[in-house]
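*Asks:* Once you've looked at the hints, dock chain B against the given chain A.
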Amino acid sequence: MFVKNPLNKRIPRMLAGNAGKFLAVLLFLVLSISLASGFLVAEYSLRSGYDSTFEEYNIEDGHFELLKEMSDPLAEVLKNEKLSIFTLFNKDLEIKENRILRIYPVREEINRIALLEGVMPETDEEIVLERLFAGNNGYEIGSKVKLGAKAFWVSGIVAFSDYSSLFKNNADGLFDNTHFGIAGVNQEAFDELEYNDLHYTYAWKNHDPDLSPEEKNDYADEILDLVKEHDLIKDFVRRSDNQAIHFAGEDFGKDRVFMMVFFYITIVIIAFLYVVVMRSTIELEAKSVGSLRALGYTNGELIRHYSLLPLLVTLMGALIGNVLGYTLMKDAFIYIYTKSYSLIPAPVLWNAEAFVLTTLVPVLIILLIIYGFLPALLSLPIQKFLRNDLSRRKQKHAISLGKLSFIARFRLRIIFQNTSAYLVLLIGILLGSLLMSTGLMLPPLLENHQQEVLNNQICAYQYILRMPVETTDEQAEKFAVQSLELGEITVQVLGIEEDSQFLPEVSQGLQTREAIFSNGLTSKYGMEEGDQLELSKKYTDETYSFELGDTVYYPAGFTIFVYLDDFQTIFNCDETYFTGYFSNHKLNDLDEIFIASIRTERDLTLALDQLMDSMGQVFKVMAVFSVILFFVLIYVLSKQVVERNQQSIAMLKILGYENNEINNLYHVTTGLMVVFSFLISIPVCRLLLRIIFKQIMTKYIGWFDFYVAPWVYPVTIVSGLVSYLIIYVMQSRKTKGLSTAEFFKEME
Amino acid sequence: MLLKVKNIYKSFHIGTHTVDVLKNVSFQVERGKICTLLGPSGSGKSTLLNIIGGIEIPDKGSFYFNETEINGQNEKTLGHYRRKQLGYVFQSYNLIPNLTLKENIESGAYLSDEPLDVNDLLHTLGLWDRQDQLPSQLSGGEQQRTAIGRAVIKNPDLLLCDEPTGALDYKTSREILAMLEKVNQKYGCTMMIVTHNEAIQGMADQIIRLHDGAIRSNENNRNKQKAAAITW
Chain A
1 MFVKNPLNKR
11 IPRMLAGNAG
21 KFLAVLLFLV
31 LSISLASGFL
41 VAEYSLRSGY
51 DSTFEEYNIE
61 DGHFELLKEM
71 SDPLAEVLKN
81 EKLSIFTLFN
91 KDLEIKENRI
101 LRIYPVREEI
111 NRIALLEGVM
121 PETDEEIVLE
131 RLFAGNNGYE
141 IGSKVKLGAK
151 AFWVSGIVAF
161 SDYSSLFKNN
171 ADGLFDNTHF
181 GIAGVNQEAF
191 DELEYNDLHY
201 TYAWKNHDPD
211 LSPEEKNDYA
221 DEILDLVKEH
231 DLIKDFVRRS
241 DNQAIHFAGE
251 DFGKDRVFMM
261 VFFYITIVII
271 AFLYVVVMRS
281 TIELEAKSVG
291 SLRALGYTNG
301 ELIRHYSLLP
311 LLVTLMGALI
321 GNVLGYTLMK
331 DAFIYIYTKS
341 YSLIPAPVLW
351 NAEAFVLTTL
361 VPVLIILLII
371 YGFLPALLSL
381 PIQKFLRNDL
391 SRRKQKHAIS
401 LGKLSFIARF
411 RLRIIFQNTS
421 AYLVLLIGIL
431 LGSLLMSTGL
441 MLPPLLENHQ
451 QEVLNNQICA
461 YQYILRMPVE
471 TTDEQAEKFA
481 VQSLELGEIT
491 VQVLGIEEDS
501 QFLPEVSQGL
511 QTREAIFSNG
521 LTSKYGMEEG
531 DQLELSKKYT
541 DETYSFELGD
551 TVYYPAGFTI
561 FVYLDDFQTI
571 FNCDETYFTG
581 YFSNHKLNDL
591 DEIFIASIRT
601 ERDLTLALDQ
611 LMDSMGQVFK
621 VMAVFSVILF
631 FVLIYVLSKQ
641 VVERNQQSIA
651 MLKILGYENN
661 EINNLYHVTT
671 GLMVVFSFLI
681 SIPVCRLLLR
691 IIFKQIMTKY
701 IGWFDFYVAP
711 WVYPVTIVSG
721 LVSYLIIYVM
731 QSRKTKGLST
741 AEFFKEME
Chain B
1001 MLLKVKNIYK
1011 SFHIGTHTVD
1021 VLKNVSFQVE
1031 RGKICTLLGP
1041 SGSGKSTLLN
1051 IIGGIEIPDK
1061 GSFYFNETEI
1071 NGQNEKTLGH
1081 YRRKQLGYVF
1091 QSYNLIPNLT
1101 LKENIESGAY
1111 LSDEPLDVND
1121 LLHTLGLWDR
1131 QDQLPSQLSG
1141 GEQQRTAIGR
1151 AVIKNPDLLL
1161 CDEPTGALDY
1171 KTSREILAML
1181 EKVNQKYGCT
1191 MMIVTHNEAI
1201 QGMADQIIRL
1211 HDGAIRSNEN
1221 NRNKQKAAAI
1231 TW
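As you go down the protein sequences, you meet chains A and B in turn. Just so you know, we're using this note's numbering here: the first sequence kicks off at 1 and counts up by one. Just so you know, we're using this note's numbering here: the second sequence kicks off at 1001 and counts up by one.
Isolated chain B, as found in the complex:
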């Protein structure tokens, strides 16, 4: 088991109010699988992803990565965890504006002791011809593919994707999903995809539904589809 989340609680204080964002969340994810976290806005998906990513600290509970408890570690250890084990893809790409496409990907490679081959990855992502362009010269899809490349090149055990298609049109979104599937198959990295797009669950091995901070369902997908077959 790559990831084990046990009884996680998290709340935020806004003014005099306390909002319980996560309530007793527990689940496990197997190595090499694609897991989608589904739920409406405010259900706690991104907070959960941030906790798994070592960005947020839960109030209660614990989670294990490769049988090692991550929760409760200091910032230095969390930094090392993010650096060596994780890849992160955001909805708004967050590329470095004055690095070229290839250099943005290299900024991920720098963090890894054994990164993937940049040129090979550029071909895999279909970005070879655009490698010397700056982010401002790229389309949204190309920027997101670059962001995927930056996260994947580290050869991470776990790729966290926070609404990776949220800012993209239908056609480009499908391209990105196909790309994530290809990366999963080729490099074998486990993926957690946060989305509110119900259709994406079709390509997942495991589907977790969150509602109002609690897990409503957690099931294996017996009808897993190819990304190319997904429509909405």
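Same shape as in the complex, but just chain A:
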């Protein structure tokens, strides 16, 4: 007669008996998988949607602005088989104090508009507004917008495919979607608008969609030469340089490496929790396990039996986690991005990579840890189970404790007896502290970075010029800058004066034909003095090699400092070439037409705020999650230690010990071990954090200096102790509440 394994009938009862523990594990699996999968799905869906807009909405390959309407000869030379030219005239109008709206006639050929709500303007009194600007300024469908003397009704809320980030000017260091917005009206309404300054902007689109980036760049160079030859040019922006188009795309998934490292720490902790729960179950059932083995149950059957529940819970967690990831969490992460960027809604896409990274790999990690642990535990000799002694140590003589007081000796015996349980507690506290410190350190790390960047800014006003123009201001200092590429990262090569007043430390340390690197660059690539770094110029085959002379602390970005003369030589510029000025006050004699942008402390702060806005939100989610998981982990660990001693506690109760004496012996000893574990864990945790952070930074496209806010470790310790205190109170009450009769029963 075949009987289906009857042991499996106890699975629901095992689940019910350990409901709290398994529910906690399930909750964390669901939360962590849904967070990670939501994050990756949102990133993938947004990126796919964003990438598809280029073709779907026919986004330009570049644009240029002229001082006046395009001349016939230019129009004639640009009319060729390789590209099409489109008119993109626009007007900037102040609709309220400090609120600029850039108005375009509704475009249907190039840079098409996505209607999110309402209808496109049909009459000359209707206007469509970009979503973020409308939201930030309280406009909705039916609202009235006054442009000059004329009033418009908002007929629709839209997203402009060429303005996913609302940069007013391409040279700006930041965008601000509260004070600057985009709008569309019909052609008649546009023509009637009063304006001070009409922007004669023309966009081009290459006919061949399969051009390589280098070919596109060559075409753009040809267009630039032709435009310069025939007309007066005000601005020229290739699509690849257009921040309004590219900034959002480059931001998607920037914080992915942080999220994934955090996620995998969580998964290891969850696997560890399983091991703790299984170990405590097997310890409690040691005699039954021994009997089953003696009856003929094989190790394989028992391993399968004890792993079945964790397996079911893991699969359930993965399933629910993915469902939530694709729904709620995905929406939450999309919201984080759409709060900053004007994105065209993208459909949710099934992402095989997300499934592998957030479901398959974690489930495999958990199973590997479970199947690594269970055979090791269950392979102990049968008689060890029958004797309820699952220690691997050979029996030795009791350690002599000399003339210590009875209580001290008793406590030490408790520690010796529970060495393995306390070791598990120590490992758990270490893992928990690592998770909590990682979660807590990130938001202040960003704030610290922000502060450091501000503290180390070169000057109050950094002018970027469209062409080299002299100033009469003697306190201003020339510099030149060139962006080069190193894999995915961008490095600024900054040419400075030999006796720079703004970067005295750098200029004094520099030698002719030598380069000083910012610390982020040398740390990221582990460079030492004399090492060479080869950088390339975007879309060209030009490469430049720099030798590391020295390192300077400069947290604002990856920068290589050279003398201006050397800069001109390296980049083959004439000896009058420079890009802009450093100054600590406004340069009043520079004509605005020559100024591409001015970067001030406010710009820097806002740019860093943007970083805080996108990355900071994800970090905050991680911080909250880590705190909750930490509490549960300490709870489960402390509980298993206390439960393990329940029988001995019962014996003490029978002998006549009072509750406070029992607490003093067992719970206080465990409390001391918790404190001891923290004291050991924190320095180890700090070391591990450094190693993990360094690994993250080698994968991250930027650089942050390692910084743990001074309050992070104390908060971690206090949280752990509070968590233990809760267990202590609960267990003390349990001990107090039980009658001697119940203790007797428990003994049996």
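Each hint should be verified, as a subset may be incorrect.
Here are some, though not all, of the chain B residues that point toward chain A, as calculated from beta-carbon distances under 7 angstroms [to be verified]: (1) I1055; (2) N1074; (3) G1079; (4) R1082; (5) R1083; (6) I1096; (7) E1103; (8) E1106; (9) S1107; (10) Y1170.
Keep in mind the hints are simulated off the structure, nothing from the lab. Heads up, the beta-carbon is just placed ideally off N, CA and C, and yes, glycines get one too.
*Replies:* Coordinates of chain B only, in the frame set by chain A:
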């Protein structure tokens, strides 16, 4: 002959000391018989039972089960031996706490290709009415009967009982002994009962006495009694 034990030695190392637990132990047990292993605490009874049960490995000597040498086999073969040939009953029952009485017995049936009928066994053991109770809801006697059921349902050739009445009161102990006798008669399985209770020898076919790790006597019981007649 079902069981043949030849020149078994076993010692344990405790710290720097070596304790010789079994010294040159030899005996045989016939199929279908009840054999008691008597002796004071520390005489080596349980160690001998564990060696026969394939749980402990002797240092020297050999034992044969159904003419097959068991000693020296690997863990897999020993596991198969325990699974197919043996039943085990312990002093402290060792039931699985979150399986019902019937499910605990079924956990033994699972191991056998031809297990006994569960319902029939429940009636035989007088547990039919208690079959859906969890171990915590059972008395000590009921738990031990369940443990016997779990071991017997496999229809084993050899039932090893390690102090089966050690944790029970007088009345319940007699009930358990009667139950073992009934099982022996009804299902014909050979039994080795380890006990320090001299009275139990009355129901045995063969009585082996151990003292300080060596066999002091090994005799057939010519005055075998019914379990119900045993008192102490």
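*Asks:* Taking the hints in turn, state whether each one holds.
*Replies:* A quick look at each hint next to the structure:
| no. | hint | in the structure |
| --- | --- | --- |
| 1 | I1055 | holds, 5 angstroms |
| 2 | N1074 | violated, 13 angstroms |
| 3 | G1079 | holds, 5 angstroms |
| 4 | R1082 | holds, 4 angstroms |
| 5 | R1083 | holds, 3 angstroms |
| 6 | I1096 | holds, 5 angstroms |
| 7 | E1103 | holds, 5 angstroms |
| 8 | E1106 | holds, 4 angstroms |
| 9 | S1107 | holds, 5 angstroms |
| 10 | Y1170 | violated, 18 angstroms |
Of the numbered hints given earlier, the model fails hints 2, 10; all others are met.
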